[in-house]
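Could you slot chain E onto chain A? The hints should help.
These protein sequence lines are chains A and E, in that order.
Counted from 1, the first sequence has number 387 at position 387 by our numbering; the numbering is strictly sequential.
Counted from 1, the second sequence has number 206 at position 206 by our numbering; the numbering is strictly sequential.
Errors might be hidden in some of the hints.
[What the hints assert, rightly or not] Here are some chain E residues the structure puts well away from chain A; computed CB gaps all over 10 Å:
#: 1; residue: Val-20
#: 2; residue: Asn-42
#: 3; residue: Thr-90
#: 4; residue: Ala-100
#: 5; residue: Ile-103
#: 6; residue: Arg-106
#: 7; residue: Ala-118
#: 8; residue: His-191
#: 9; residue: Leu-279
#: 10; residue: Val-280
[Stated by the list, open to error] Examples of chain E residues toward chain A, derived with CB under 7 Å:
#: 11; residue: His-4
#: 12; residue: Met-6
#: 13; residue: Leu-54
#: 14; residue: Trp-72
#: 15; residue: Arg-80
#: 16; residue: Leu-107
#: 17; residue: Ser-108
#: 18; residue: Ser-110
#: 19; residue: Lys-114
#: 20; residue: Pro-127
Keep in mind that the hints were calculated from the coordinates and are not lab data.
Everything numeric in this text was worked out from a predicted model, so none of it was measured.
No residue lacks a Cβ here, since even glycine has one placed at the ideal position from N, Cα and C.
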Amino acid sequence: MTATATALQAEPVLRRPASDTLTGTGTMLRLVLRRNRVRLAVWWLVLVGLFAYVGAYYKDIFNTQAALDAFATLSNTPGIKALTGLAAAPATLGGAVWTKIWMTCALSLAFGVVFLVTRNGRADEELGRTELLRSRVLGLHAYSVASWLVNAALCVAVGAGVALTSAALGLDPAGAGITGSLVVGASVTGVGLVALGVGAVAGQVTSTSRGANALGSVVLGVFYVLRMVGDLGDGRLTWASPVGWGQEMQPWGANRTWPLALLVLLAAELVTVAAWLEARRDLGAGLMPERPGPAGAPARYATPLGLALRLQRGPIIGWSLTVVLCALLFGSVVESMTNLLNDAGSMPAMLGGTGVDALLSLLVVMIAMVTAVFALQSAVSLRADEASGIVEPQLAGALSRSRWALQRLLIPAVGTAVLLLVGGAGMGAGYGSVIGDPGQTSRLAVAALAYWPAVMVLVGVAVALFGWLPRLAIPLTWGVLAAMWFIVIIGDALHLPGWLLDLLPFSATPYQPFEPLTPAPLIVMTLVAAALVWSGLDRFARRDVQPG
Amino acid sequence: MPAHEMAVEIEGLEKSFGSVHALRGLDLTVPAGQVTGFLGPNGSGKSTTIRILLGLLRADGGRATVLGGDPWADAVRLHRSIAYVPGDVTLWPNLTGGEAIDILSRLSGSLDPKRKQAMLDRFELDPTKKARAYSKGNRQKVALVAALASEAELLLLDEPTSGLDPLMEAAFTESIREVKADGRSVLLSSHIFAEVEKLADRVTIIRDGATVEAGTIAQLRHLTRSQVTVVLDGGADGLAALPGVHDLQALDGHITFAVDDAELPAVLAAVARLQPRSLVANPPSLEELFLRHYGDELAALSGGDR
Chain A
1 MTATATALQA
11 EPVLRRPASD
21 TLTGTGTMLR
31 LVLRRNRVRL
41 AVWWLVLVGL
51 FAYVGAYYKD
61 IFNTQAALDA
71 FATLSNTPGI
81 KALTGLAAAP
91 ATLGGAVWTK
101 IWMTCALSLA
111 FGVVFLVTRN
121 GRADEELGRT
131 ELLRSRVLGL
141 HAYSVASWLV
151 NAALCVAVGA
161 GVALTSAALG
171 LDPAGAGITG
181 SLVVGASVTG
191 VGLVALGVGA
201 VAGQVTSTSR
211 GANALGSVVL
221 GVFYVLRMVG
231 DLGDGRLTWA
241 SPVGWGQEMQ
251 PWGANRTWPL
261 ALLVLLAAEL
271 VTVAAWLEAR
281 RDLGAGLMPE
291 RPGPAGAPAR
301 YATPLGLALR
311 LQRGPIIGWS
321 LTVVLCALLF
331 GSVVESMTNL
341 LNDAGSMPAM
351 LGGTGVDALL
361 SLLVVMIAMV
371 TAVFALQSAV
381 SLRADEASGI
391 VEPQLAGALS
401 RSRWALQRLL
411 IPAVGTAVLL
421 LVGGAGMGAG
431 YGSVIGDPGQ
441 TSRLAVAALA
451 YWPAVMVLVG
461 VAVALFGWLP
471 RLAIPLTWGV
481 LAAMWFIVII
491 GDALHLPGWL
501 LDLLPFSATP
511 YQPFEPLTPA
521 PLIVMTLVAA
531 ALVWSGLDRF
541 ARRDVQPG
Chain E
1 MPAHEMAVEI
11 EGLEKSFGSV
21 HALRGLDLTV
31 PAGQVTGFLG
41 PNGSGKSTTI
51 RILLGLLRAD
61 GGRATVLGGD
71 PWADAVRLHR
81 SIAYVPGDVT
91 LWPNLTGGEA
101 IDILSRLSGS
111 LDPKRKQAML
121 DRFELDPTKK
131 ARAYSKGNRQ
141 KVALVAALAS
151 EAELLLLDEP
161 TSGLDPLMEA
171 AFTESIREVK
181 ADGRSVLLSS
191 HIFAEVEKLA
201 DRVTIIRDGA
211 TVEAGTIAQL
221 RHLTRSQVTV
231 VLDGGADGLA
241 ALPGVHDLQA
251 LDGHITFAVD
261 DAELPAVLAA
271 VARLQPRSLV
281 ANPPSLEELF
291 LRHYGDELAA
301 LSGGDR
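Chain A with its partners taken away, still in its complex shape:
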């Protein structure tokens, strides 16, 4: 026995026994479930509930084939194709529900899974908790595998919930069984599983949880945009995106199941790559080695603005690139979309209007949405810095709280204006070069800039929450954005009064260039934003600094 052990040790034993790498997976499964039980339950309830709500509402209002046919005609627009995709069988009840909610449901699950995988992976590693766990009898992959299993279970549970809800509501055509319901559930699960793989790899490649979330989100964004361009064109690029594979399962249409195999295979491959990377790197490390940095800082870092610009350099560059790429892409496809529209021989109503200007207005809103995410990410960093305790050494310097906060808020304020201008101008330049009208550049730049007050209202909400409810500020801020997004997407299904929908900052902004520019709502929103920021900062100056 001893001799065997010695002989083994004499060899260069680099490979650990495979079975050892999973020791303790059961314990970790219980830990992951315990730590995430509320989150898992909320994600499941929101996603399945959303599907059930829209399903029940549509079943109620589309009670004749004529109503379904009318809805299918209304939905057959470039805008709907771009945003949510169009169902394969748009004139069926299931198809109508699919057009309305499938993309929201699948993408929300995808983002949720990426965030959950990071939370139970790279984030814990960054904070040193994984080190503590791994010092006990715990296999190399045990924690990751436990997290992946729980997240996979969430994907399956959401898919099963969607399928069951769909079958129970009777979304399938009479006499066709529940094949469509099963396929729609499976397609949601499949997209979620691929996101799980994306999150797993992102957590191995980057060395910070922010980096992992950012990388995972960007990959999902690329999937979304690829299928958007594919759906608007000949459909080839749709097949380049796993989200597109989910769409191409075509529930209630072709009812394909084989794209599910593609999704599961890709997910398995991504997870295998993640495990392979995990076995080959040091705990705490990413793929990029740490390099020495400067031994001193320039004087501008001592101002809150200078320091924040340095610390948010990565996100600022990333969001600028995102906006520019989106703008150029949108600008270049507007013309072909409009041609499709004319080929169809009709000018169907789209979100808020008809024709090319309505389409341009919709794309401007999308650029404003992306900009809003940047602005809020920058605004919630006020609370993030307070929670981590990093603000205390700064406030222990000769620096007032309001000066600190106001300088920090210059980044979302000025950054939003710049991104909107660049996004609108980029889209206008792309579109203008296609149709030979350079005037589009300034026209769309102004249209996009009109969303500045609306984004500032959201920033104001974030700052007010930071002042008054610091411990809840970050989740509530993102919750407000998500709620706004959901209301815009499914607002009609919520029976919300029109005046309430019109009060949302994005709806209150003139829908340019489709609608004329009216200054009154912009002035009112700017004042509301200023009041919210003032209230939040005034409260922050009077309350205790609260870490944690």
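Then chain E, alone, in the frame of chain A:
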């Protein structure tokens, strides 16, 4: 010459977090140009007090004056003359230690590159490493270098040596002596009596958010009682009867007893006459000290509100 006689004056300070009473009438003074030790067990309210002195928290009651100003209202002006070292140092993970030192120094006033370099050398800190690669001790050094390189009139140090190795503790001791020689004031919070004893002119001891003892080191000498173990071939004749000796126990020639530090010279002379084969003397831990001197009051205090 410092402009104020007292760098810090606190009277009857109160602070609650929800239902938790963190400070209950705390008193504390830091005379200008002196090092004041601020002793208390974990969770006794030391960090809360310091964070009130920095204007990060607002006191619920009582009075606090820092360098003649109100720590909440005059925070920005006062902070030009204050350097702070937190007990748990958080840094920007993707900036280097050197960058963090420059930022913190400039935030309180001026940055003297020569002093910074001198302190970096003294604490053997590599300023080019990213903060996320630093150990706890090295993060502590970043905050210490930033504070000690400054010209601040008042240093607020919250358990500044936690995580430092003994060599670095010696460097810290040397630095604090230089600060004192410059006529600057230091509030040094700690739960280690020996550290405070080495540096402080005065000591304030708190427990459960209230001051239980304050005075010069000499005045508090009666609080310290060392634990002595000697191995004697003969008996421990007469030791138990000496003034200042308590709890004497003998087992197989190993004699253990506690002795008031004020009586230590006389007791050691008596032990020497007994020709001991070995002798070990340990200073008491702060917790032992509390249990011995304040056990009754503490029991009453805790019983009163729980």
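The hints, checked one at a time:
no.	hint	in the structure
1	Val-20	holds, 13 Å
2	Asn-42	holds, 17 Å
3	Thr-90	violated, 4 Å
4	Ala-100	violated, 8 Å
5	Ile-103	violated, 5 Å
6	Arg-106	violated, 3 Å
7	Ala-118	holds, 14 Å
8	His-191	holds, 20 Å
9	Leu-279	holds, 40 Å
10	Val-280	holds, 34 Å
11	His-4	violated, 18 Å
12	Met-6	violated, 20 Å
13	Leu-54	holds, 5 Å
14	Trp-72	violated, 9 Å
15	Arg-80	holds, 4 Å
16	Leu-107	holds, 3 Å
17	Ser-108	holds, 4 Å
18	Ser-110	violated, 11 Å
19	Lys-114	violated, 13 Å
20	Pro-127	holds, 4 Å
Hint compliance for this structure: hints 3, 4, 5, 6, 11, 12, 14, 18, 19 are broken, all remaining hints hold.
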